[in-house]
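Note that the numbering used here gives residue 187 to position 187 of the sequence shown, counting from 1, and the numbers run on in steps of one.
Worth double-checking, as some hints may not be accurate.
Stated by the list, open to error - Label pairs and their computed distance ranges (CB to CB):
(1) 189 x 66: 30 to 38 Å
(2) 220 x 269: 43 to 51 Å
(3) 283 x 65: 35 to 43 Å
(4) 215 x 186: 20 to 28 Å
(5) 188 x 153: 24 to 32 Å
(6) 159 x 108: 15 to 23 Å
Hints are computed from structural coordinates only; laboratory data are not their basis.
Here a beta-carbon is modelled for each residue, glycine too, at the ideal position from N, C-alpha and C.
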Amino acid sequence: MQNTQRHSTEFYWLVSYPKSGNTWVRLFLTNLIYGSDKPIDINQIDAGTIASAREWVEQALDFDINELSHDEIDLLRPKCYQWLSEHTSIESEEKYHKVHDAYTYVKTGIPLFPMEAAKGVVYIVRNPLDVAISFSHHLNCSLDKAIDNIIDPNFCFCDTTSKFFPQFRQKLLDWSGHVNSWLHANIANILILKYEDLVDDPETHFARLASFLGITTTHQELRSAIQNCSLKLLQSQEDEFGFIERPAASQRFFRKGLVGEWQSTLSPQQVAKIVDTQGQTMKKLGYLDDKTMSVSTGTDTEALIME
Numbered sequence: 001m002q003n004t005q006r007h008s009t010e011f012y013w014l015v016s017y018p019k020s021g022n023t024w025v026r027l028f029l030t031n032l033i034y035g036s037d038k039p040i041d042i043n044q045i046d047a048g049t050i051a052s053a054r055e056w057v058e059q060a061l062d063f064d065i066n067e068l069s070h071d072e073i074d075l076l077r078p079k080c081y082q083w084l085s086e087h088t089s090i091e092s093e094e095k096y097h098k099v100h101d102a103y104t105y106v107k108t109g110i111p112l113f114p115m116e117a118a119k120g121v122v123y124i125v126r127n128p129l130d131v132a133i134s135f136s137h138h139l140n141c142s143l144d145k146a147i148d149n150i151i152d153p154n155f156c157f158c159d160t161t162s163k164f165f166p167q168f169r170q171k172l173l174d175w176s177g178h179v180n181s182w183l184h185a186n187i188a189n190i191l192i193l194k195y196e197d198l199v200d201d202p203e204t205h206f207a208r209l210a211s212f213l214g215i216t217t218t219h220q221e222l223r224s225a226i227q228n229c230s231l232k233l234l235q236s237q238e239d240e241f242g243f244i245e246r247p248a249a250s251q252r253f254f255r256k257g258l259v260g261e262w263q264s265t266l267s268p269q270q271v272a273k274i275v276d277t278q279g280q281t282m283k284k285l286g287y288l289d290d291k292t293m294s295v296s297t298g299t300d301t302e303a304l305i306m307e
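Could you build the full structure based on these sequences and the hints that come with them?
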């Protein structure tokens with residue numbers, strides 16, 4: 001590890017399964033922190049980076065890791081996050097870092113994300129029936145393939161060791177495994193945000209987020225930040241300038257963002273395939289009742305941390 005000045009940890013992990021609203025949350029935070037009358041450039045999300053970024057993690061190292069395996073890199077990541085947390089300036093606003101990895105343990109038995117490296121965790125969750133649709137567009141694959149991915153307990157992103165690839169491997173597990181890995185973890189300071197709540201009542205739930213992160217804001221600043229990251233404005237920017245986080249195979253990153261799109265898009269067989277494998281966790285989160293599938297925007301998120 002490099003030898004530079006240490007600080008107390010200021011990191012927050014912004015965690016989600018892919019296509020659950022993480023980028024929207026980061027854009028809101030960037031608009032709130034660097035608030036102005038105009039929306040910030042979607043290609044300059046300065047609130048933080050993604051935890052799997054090779055370039056970011058390599059800042060903490062002073063040796064070449066290009067020949068290391070996935071598991072060997074994972075052994076280094078916890079110490080790197082600890083170092084990066086301790087050596088990020090308290091004044092820095094780049095402390096809200098995106099995570100798609102599940103909460104897993106490296107071969108030595110320690111968590112990939114040591115909690116002493118973070119002040120807290122924001123977990124953003126979305127109905128997997130809608131995630132499947134967004135995921136299929138994101139990966140430019142069929143709905144059936146996207147569904148197979150989100151119900152695969154061994155699914156991962158970026159499973160390549162190429163030194164030219166900008167991200168490390170991320171173990172996602174299946175949707176339920178991802179959710180449960182974080183909500184079962186021994187995390188003292190965690191906020192659960194449902195994507196559906198953010199869509200249904202953005203002022204209330206983005207205010208919860210700002211409060212949890214210790215960001216002091218006025219009602220007008222909050223409303224302005226929400227307006228500046230509206231889907232219409234994000235789509236307009238993407239159409240004009242592109243979006244650097246859009247996968248090459250994807251036609252658009254900011255697509256529809258709908259709640260309940262699954263009802264008009266998924267076949268009964270596709271719904272059953274997700275519910276049969278993910279249903280228990282869906283029920284706990286209010287996405288499934290005993291009779292029919294339904295999105296609930298009124299679930300008590302304080303009760304969602306599973307024992």
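Hint-by-hint comparison with the structure:
1. Hint check: residue 189 to residue 66, Cβ distance near 36 Å, so the stated range 30 to 38 Å holds.
2. Restraint check, residue 220 to residue 269: a C-beta distance of roughly 48 Å satisfies the suggested window 43 to 51 Å.
3. Taking 35 to 43 Å as the suggested C-beta distance range, the pair residue 283 and residue 65 conforms, at roughly 42 Å.
4. The hint said 20 to 28 Å for the Cβ distance between residue 215 and residue 186, and at roughly 26 Å that hint holds.
5. For the hinted restraint 24 to 32 Å between residue 188 and residue 153, the CB-CB distance of approximately 27 Å keeps it satisfied.
6. A hinted range of 15 to 23 Å for the beta carbons of residue 159 and residue 108 is consistent with their spacing of about 21 Å.
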